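Enquirer: Below, each chain spelled out in residue letters.
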Amino acid sequence: MSENILKFSMNRCTSVEPLDENTLKSACRLTDTFTTASVEILARLPDLEIVNVSGQFRHEWHELPDPNETLQKVLGIRIGSGMLKIIKGLMGEGENLEQLTYMVEECCHGIILALTKDILSHAPRDEAGKLEFFSNMVRKNIRLYNRCAAFAPGSRLIEGIEPPK
Amino acid sequence: MLKFARNKLVSAARKDKDTLFIHGVLDDDIYGVEIDLHVRIRDLYFLSIVGKWNRWTTPECPRAIDFLQEAKGFCIDEGIDDRIHKIVGRKACRHFANLLIECCYAAKQAAKVARWEDAKADNQDLSFGEFCGAKTDSEDAAASRESAGKKPPAAQEKPVRISTVRAECEEPQPSGGRLKNRAAGFVIDLHVHTFPASPCSSAPEDRLIEEAKRIGLNGICLTDHNHVWTPAQVKDLSQKHGFLILRGNEITTDQGDMLVFGLESEIKKVIKLQDLRAEVLRTEGFIVAAHPFRGFLTFGAGQLGLTPERAGQRALFQWVDAVEVLNGKVTDDENHLAASVAANLGLPSTGGSDAHDVAEVGHYATRFSTNIRTEADLLAALKGSQYEPVAFRKDNEQVYSPSTLQSAEQ
Chain A
1 MSENILKFSM NRCTSVEPLD ENTLKSACRL TDTFTTASVE ILARLPDLEI
51 VNVSGQFRHE WHELPDPNET LQKVLGIRIG SGMLKIIKGL MGEGENLEQL
101 TYMVEECCHG IILALTKDIL SHAPRDEAGK LEFFSNMVRK NIRLYNRCAA
151 FAPGSRLIEG IEPPK
Chain V
1 MLKFARNKLV SAARKDKDTL FIHGVLDDDI YGVEIDLHVR IRDLYFLSIV
51 GKWNRWTTPE CPRAIDFLQE AKGFCIDEGI DDRIHKIVGR KACRHFANLL
101 IECCYAAKQA AKVARWEDAK ADNQDLSFGE FCGAKTDSED AAASRESAGK
151 KPPAAQEKPV RISTVRAECE EPQPSGGRLK NRAAGFVIDL HVHTFPASPC
201 SSAPEDRLIE EAKRIGLNGI CLTDHNHVWT PAQVKDLSQK HGFLILRGNE
251 ITTDQGDMLV FGLESEIKKV IKLQDLRAEV LRTEGFIVAA HPFRGFLTFG
301 AGQLGLTPER AGQRALFQWV DAVEVLNGKV TDDENHLAAS VAANLGLPST
351 GGSDAHDVAE VGHYATRFST NIRTEADLLA ALKGSQYEPV AFRKDNEQVY
401 SPSTLQSAEQ
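Taken in order, these protein sequences are the chains called A and V.
Numbered per my numbering, the first sequence finishes at 165, counting up by one with no gaps.
Numbered per my numbering, the second sequence finishes at 410, counting up by one with no gaps.
No lab work stands behind these hints: they were computed from the structure.
In this text the structure is predicted, and so the values were computed from the model without any measurement.
Glycine included, C-beta positions come from ideal geometry on N, C-alpha and C.
Treat the hints with care, since some could be wrong.
[What the hints assert, rightly or not] With beta-carbon atoms standing in for the labels, derived distance ranges: (1) V:78 - A:52: 47 to 57 Å; (2) A:97 - V:73: 22 to 32 Å; (3) A:94 - V:274: 22 to 32 Å; (4) V:282 - A:94: 53 to 63 Å.
[As the list claims (entries may be wrong)] If you only want the chain V side, here are some residues facing chain A, beta carbon under 8 Å, derived: (5) 2; (6) 8; (7) 113; (8) 126; (9) 129; (10) 305.
[Claimed, not checked] What the simulated footprint calls covered on chain V by chain A, stretch by stretch (three residues with Cβ under 8 Å from a Cβ of chain A suffice, anywhere in the stretch; the number is not a length): (11) 61 to 72; (12) 104 to 110; (13) 235 to 248.
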C-alpha cells in the first residue's frame, strides 16, 4: 500500500455566464472517483428567479432515476437569502439526492458570487481605502456584523460600529 | 465570456491504517483557499485541520485561519454540514466552510475505499460495488463508531409538527409596560423567535417577554420556526408575566418565509405557497409575506435593478394578505422596497422585529387601532386592515405607512 496513491479524488467546477441581458446561466460539473454529474440552471434578472433547470447524474453503482424530475421542483424559486432551506425542502434530502441538491446550491452560489464580484471590483487597492470600503459595507448592511472572522469583534472593519440590536 | 468560475479540487490519500489525509483547493475569481485535513478512518474524526489563504478580499480575512481550529474534533456524521456552516462559516469564513464540506465528502468516500481494502483481506474477490451496495454511508459510519466504542451521533432532528390551534388564551390585562407606550393604539410585535423553540434564537421566552413589557409593547406574537406553542403553554406564559402572548408561525415556502396566523393544519416541510394559501383559506387564517426582499450580504435588490413595479409582479403577492414592510433583520432599502410594493399593490403592511435576541424585541412592531385580547381578535384586526407598521424602539417613533412613504419619496 503506497501512502501516496489516492483513494479518492474529485473536481467540481461551477461557471456562470450571461446568456443575454436578463439571463444568467450557471453550470456545475462534478467528476469524482465514482460520480459524473452536471446541473445547469438559468436565472432571470433582476428577480434571480430560476426559470430553467436540467442535469444528469451517473454513479458507479447507485442506480438513480432521471434527476430532471427532481430538479424541476426548484423551478420558480428565487436565488436569495434562505434559499438553501427551500432547495433542500423541495428536492428532499435522500442519500442519493445529496449531491444533486448540493450542485443546485453551487449553481446558485455561483450566481451570487458572480454578482458579488461586480461589487468587490469597486474596492480600492490601498489598505486604508479597503478598510473604509468594507466598513461602509457593514454599516449599510448590519447583517454582515459578526458574520465571519473579518467582521467579528476585534476586526478593524467594525471599529466604531455598534453591534446589531 | 464567463462572468465567474469556481474550481474545487479535493484528493484523499491513506496515510496509515487509520488515517486519511485530505487536501482541498478552492480557487475562484474572488477567493483562493486551501485546507489540509487529517481524518481518522474508523470514526471519521477530524484529527487536525490547517488552512491557507492564497487570495482574499478584506484586509481582515486572514483572521479566519485561527478560527478553523474550532473544527478540530468534528466528526463526519449526519449533522456535519450544518455544524460546519454554523461554526466554520460564521466564525472563520464561509468559503473555507464550503471547501471543508467538500473535504468531508471526499473523506467519507475515501474511508469507504479504505474499508473495502481491509475487507478484501478476507475476501479477495469482493468487488467495490458489492461491498458498497450492501451499505449506506451512514451505516458505515455507525458501524465504525460502534466498533470504536463511541456513542452514535444524535439522530437529525425531525421537523416538529406545526399545529396552530386557535385556542383562546385567558385574557391577560395589557401590561402597559414600565416604559410608556408613546403612541396611541395597541402595539404588538408580530414576529419574534425564542430559544429553544427556534434554535437560531438566543432569547429565552421569559426574558424576551419581560423585555417586551419593559419597553411598553402591548403584546408579542411567537412566530418560531416549525414549532408549536400549545394553548396551555401560551396561557401559562401570559398569566406568569401578565402580558399578552399570541401565536403564529413562520413557515418556509417555495416563495420564501411567510408569517401565518390562525392556521389549523400541520406543515412539516417546505410547502408551495399556493398550497399554504389553500390551507389558510380553509381555516380563515391570514398570511403575511415576511421580509420579502431580504437580500444578500454584499448586494441587494436595488443593485440588481429591481424596481417596485417589477418586484410587485412576483407571483407571491397574489397569495398573501399583507406584507411585512418593517423587519428588523433587513436593510432600510429592503424595507423601503417592500413598503413601496405593498403600497403599489394596495396590500396592508405590518412590522415585526424578527427578534432572535432579547434586545431586539420591539425594534419594529405593528400598531392596531383596536385592542387585541385573543388570537381571534388578532385575526379580525388583521383582516380589518386598521393597523400600521411602527419603528417602536426608536426615540421618535416613525410611522411607515404607505402614504407617508409615498409622500416622502415625492
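Enquirer: Are any of the numbered hints broken by this structure? If so, which, sorted upward?
Expert: Of the numbered hints given earlier, those the structure breaks are 1, 4, 8 and 13, listed in rising order.
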